[in-house]
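Student: Each chain is listed here by its residues.
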Amino acid sequence: MLFNSIQFAIFMIVLLLVIELFRKNRLRLSLLVVASYFFYYADSGLLFVLLLFSSVLDFYIGRKIYENESLRKRKFFLILSVIGNLGVLAFFKYANFTIGVANDIGNLFGASPSLSALNIVLPVGISFFTFQTMSYTIDIYRRKLTPSNSFLKYALFVSFFPQLVAGPIVRASEFLPQLENRVTIVADNLKLGLTYISWGLVKKVIFADNLAPFVDSIFSDPTGLSSFHIILGTLAFGIQIYCDFSGYTDIAIGAARILGFRLPKNFNKPYFARNPSDFWSRWHISLSTWLRDYLYIPLGGNRKGKSRTVINLMITMLLGGLWHGAAWNFVIWGAYHGTLLVIHKWITGRFNIIKSRVVSIFITQYFIFLGWLIFRVGNFDHLMFAIKKFLFLDFFSAGVSEIIPFLLANKFAILLMITFIYLHVFSYKVHNIIYKVNSLKLSHWTVYVAFVLLLLFLFTPSLSQAFIYFQF
Amino acid sequence: MGKIRIIIFLLLALLISFSIYFLAIKFYVDPYLENYSDLNRAPMLFEFYEKEKEADKVYYWGASSIKEDVDANIIDDLDDSFTHYNLGNPASTPLRRIAELEAAIKSKPKAVVIGLGYMSLSGHWLFPDDQYALISKYVDLRDLTVYNETYRELLGKNKLELLIYKRKFINPATDNNFELLKHAVFKAKKPGFYKKYNSDFKSEGILLQFEELQDPEFAMKLEAKEDFNEYSVPEGENSEKLAFEIIVKELLKNKIKVIIVKIPLNPGLVEKIPEEYKNNFDVFLDEVSEQYDVEVIDYTLQYNESYFYDGHHLNVNGKEVFSKELGLEVIKTLEP
Chain A
394 MLFNSIQFAI FMIVLLLVIE LFRKNRLRLS LLVVASYFFY YADSGLLFVL
444 LLFSSVLDFY IGRKIYENES LRKRKFFLIL SVIGNLGVLA FFKYANFTIG
494 VANDIGNLFG ASPSLSALNI VLPVGISFFT FQTMSYTIDI YRRKLTPSNS
544 FLKYALFVSF FPQLVAGPIV RASEFLPQLE NRVTIVADNL KLGLTYISWG
594 LVKKVIFADN LAPFVDSIFS DPTGLSSFHI ILGTLAFGIQ IYCDFSGYTD
644 IAIGAARILG FRLPKNFNKP YFARNPSDFW SRWHISLSTW LRDYLYIPLG
694 GNRKGKSRTV INLMITMLLG GLWHGAAWNF VIWGAYHGTL LVIHKWITGR
744 FNIIKSRVVS IFITQYFIFL GWLIFRVGNF DHLMFAIKKF LFLDFFSAGV
794 SEIIPFLLAN KFAILLMITF IYLHVFSYKV HNIIYKVNSL KLSHWTVYVA
844 FVLLLLFLFT PSLSQAFIYF QF
Chain B
34 MGKIRIIIFL LLALLISFSI YFLAIKFYVD PYLENYSDLN RAPMLFEFYE
84 KEKEADKVYY WGASSIKEDV DANIIDDLDD SFTHYNLGNP ASTPLRRIAE
134 LEAAIKSKPK AVVIGLGYMS LSGHWLFPDD QYALISKYVD LRDLTVYNET
184 YRELLGKNKL ELLIYKRKFI NPATDNNFEL LKHAVFKAKK PGFYKKYNSD
234 FKSEGILLQF EELQDPEFAM KLEAKEDFNE YSVPEGENSE KLAFEIIVKE
284 LLKNKIKVII VKIPLNPGLV EKIPEEYKNN FDVFLDEVSE QYDVEVIDYT
334 LQYNESYFYD GHHLNVNGKE VFSKELGLEV IKTLEP
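Order-wise, the sequence lines are chains A and B.
Using the working numbering, read the first sequence as starting at 394 and increasing by one per residue.
Using the working numbering, read the second sequence as starting at 34 and increasing by one per residue.
Hints in this document: simulated from the structure, not taken from any laboratory.
Values in this document were obtained by computation on a predicted structure and should not be read as measured data.
Errors might be hidden in some of the hints.
[To be verified] Under the rule of at most 27 Å between Cα atoms (straight-line distance), these lysine-lysine pairs were calculated in the DSS-like manner: (1) B/K201 / A/K804; (2) B/K220 / A/K804; (3) B/K215 / A/K804.
[Stated by the list, open to error] Covered by chain A, according to a simulated footprint, are these stretches of chain B (three or more residues, beta-carbon under 8 Å): (4) 41-48; (5) 51-63; (6) 194-203.
No residue lacks a Cβ here, since even glycine has one placed at the ideal position from N, Cα and C.
Let the sequences and hints guide you as you build the complete structure.
Tutor: Put into structure tokens, the structure is as follows:
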């Protein structure tokens, strides 16, 4: 059930009406759990059992860890939780990738093992809820969290539908305390939630979905294209993925807010990052902070010397890349970002060449967008070609006679890109734009909503695109 | 500020936006579809069937090759007994025609002349899906079990869904208006005014707007052409063949005479199409002809290249000659 579908609108309306009918909070919580499981079932069918498995496993293991004083036993239960969660994730997400790698290695040594791929369907959002449940047990192990005393509440934390399939990755410490309050739908939250949803829909439907065919047309086979096409395609993909993912997050935050829950911010104008480290504090914040807190710091972070810092950064980013998908381009993308972070760490303090904020943003974004090229182009030959064109500019290989018709043929996509850049700069200057829109008088807010709805009526592409991050 | 108030204002926003959208479709998209897009030919055909009550009439069905190649006025002049109508529709195939079969039968023609080329039966000829949506209001899905889910979804659109679907044409309508503006300001070439072309279902095709007798790029395109998949008529069954048989059967069942015409094709093109495809096409039509006792008139290689604008369409000279020859053959067949 896509957030940008009529089915989701109906689902939300019915859910809100039924919640209003129930007086007891326990019933309201139960209803949210049932609705969340239904939401997951609508996309993944019987694989909702995995969600249940993960919830049961970590709920009980969490208690065991908390109840045991012995460090050895606590560690044992933690390992059990990690193995259980990562085992499921590894099987569903990485089994076929591993088989492929084993075959390739075998072929390299002339063994031709030809292990056949398993018939596995990747459960939607598995990477998100696995990380969420793991953080629960790890936090209890670290004595930073007391386990939930209610399975119902814990099950809602794991399955809460707005953030279930594509994040943000919520920590139990942020979410469980909110369940102590009564689930209520209040006017302020309703208005703010609707503002968030409208904002997210514009990003997802108008920008991301309309740019998708343009991006596909460039990267389905980029060979033979000039630097001009490749850079424009990469820029379009950078906008597409940002609008797709942050649009999804806005809708998730909005839907949760209507129900009275606060989800953490996941994006903070990432294309204004001034260095790679700054980028990761602005892009998919809930994942980067998760990786920092549960991987990078436990590995030693920057506390064990320069070479260990480099190794820790590379491991974190490699695994971060692999988290996105079981494919080599994601591994390379992770390694690439690891390298950017290492270089940035090395440069910082040594040189202070770039003083201009604009210049530092441009240089950072050049490398970030090069990263998007790696992320987007799965075919290795195509990727090599595209990188060459991105790095060694040959604008003049495509003459004006070729560029002008290309721009005219794709004028809607170009217009969207220009509009996005304008809006991105605007929202950088005007902080908390969603809150500003929300604070409009109700009559003015109605005009805003009518305008957004009109845009959606007019410019929703006939083919709806799935959210890119659903596949992760 | 209560919840109810917000919901009321939200509904108000919905109403305002939908009203503006409705007006945009009504006054921006619909005029484009009606005047400047040949997609509109599909609903026009249904309106024609509903209106046309004349007793003795002959329909000419087929794709653009029929639409451009047949001058019904010429055929009318050859014969007083029947009125002839050119109901060719660009890229239409038997599968697409099934949707209008019932409406056509209800309008009681005396005969239907069906023009077919290799592409009509290959199953790889890309018929614009939008036409299915545009004719949805005329079609009853219960009668159309031949269609797959995609086509059923398009044909099954209700009025509201069709209104929403029409947003697809905002871009082409804008492009068209841009071209019209360029024409008005810079005297650039005017976009095709499709409403003018064969809206009386008689003669005037869009190719008439070209001044040349032959597409200057045709020879070059044919030389470069390597893929002939769109002509690949299979040996066995496919949905186009099935649809064609249904059409023949239903027309005959309703006492409507059927004449099959193998449409004229440019010999240069025919030469390059693999023999297997041509053979499968001929074998199938021979079988249909024999099974249903239907006449097949073969014009495939009747005319030399000078009569063609491109691969599938005759130029004005070819059209005149073909219309006369076809008309005479049809009249002869219809003689009691």
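Student: Holds or violated: B/K201 with A/K804, Cα cutoff 27 Å?
Tutor: Status holds; Cα separation ~15 Å.
Student: So if I understand the rule, the pair passes when the alpha-carbon distance is 27 Å or less; does B/K215 with A/K804 pass?
Tutor: Holds, at about 16 Å.
Student: With the threshold set at 27 Å, check whether the alpha-carbon distance from B/K220 to A/K804 stays at or below it.
Tutor: holds, 22 Å
Student: Count the residues of the region 51-63 of chain B whose CB lies closer than 8 Å to any CB of chain A, then report whether that count reaches three.
Tutor: holds (count 4)
Student: Counting residues of the region 194-203 of chain B whose CB is closer than 8 Å to a CB in chain A, do you get three or more?
Tutor: Answer holds; 5 residues pass the 8 Å Cβ test.
Student: Is the coverage entry for the region 41-48 of chain B by chain A consistent with the three-residue Cβ rule at 8 Å?
Tutor: Answer holds; 5 residues pass the 8 Å Cβ test.
No hint from the list above goes unmet by this structure.
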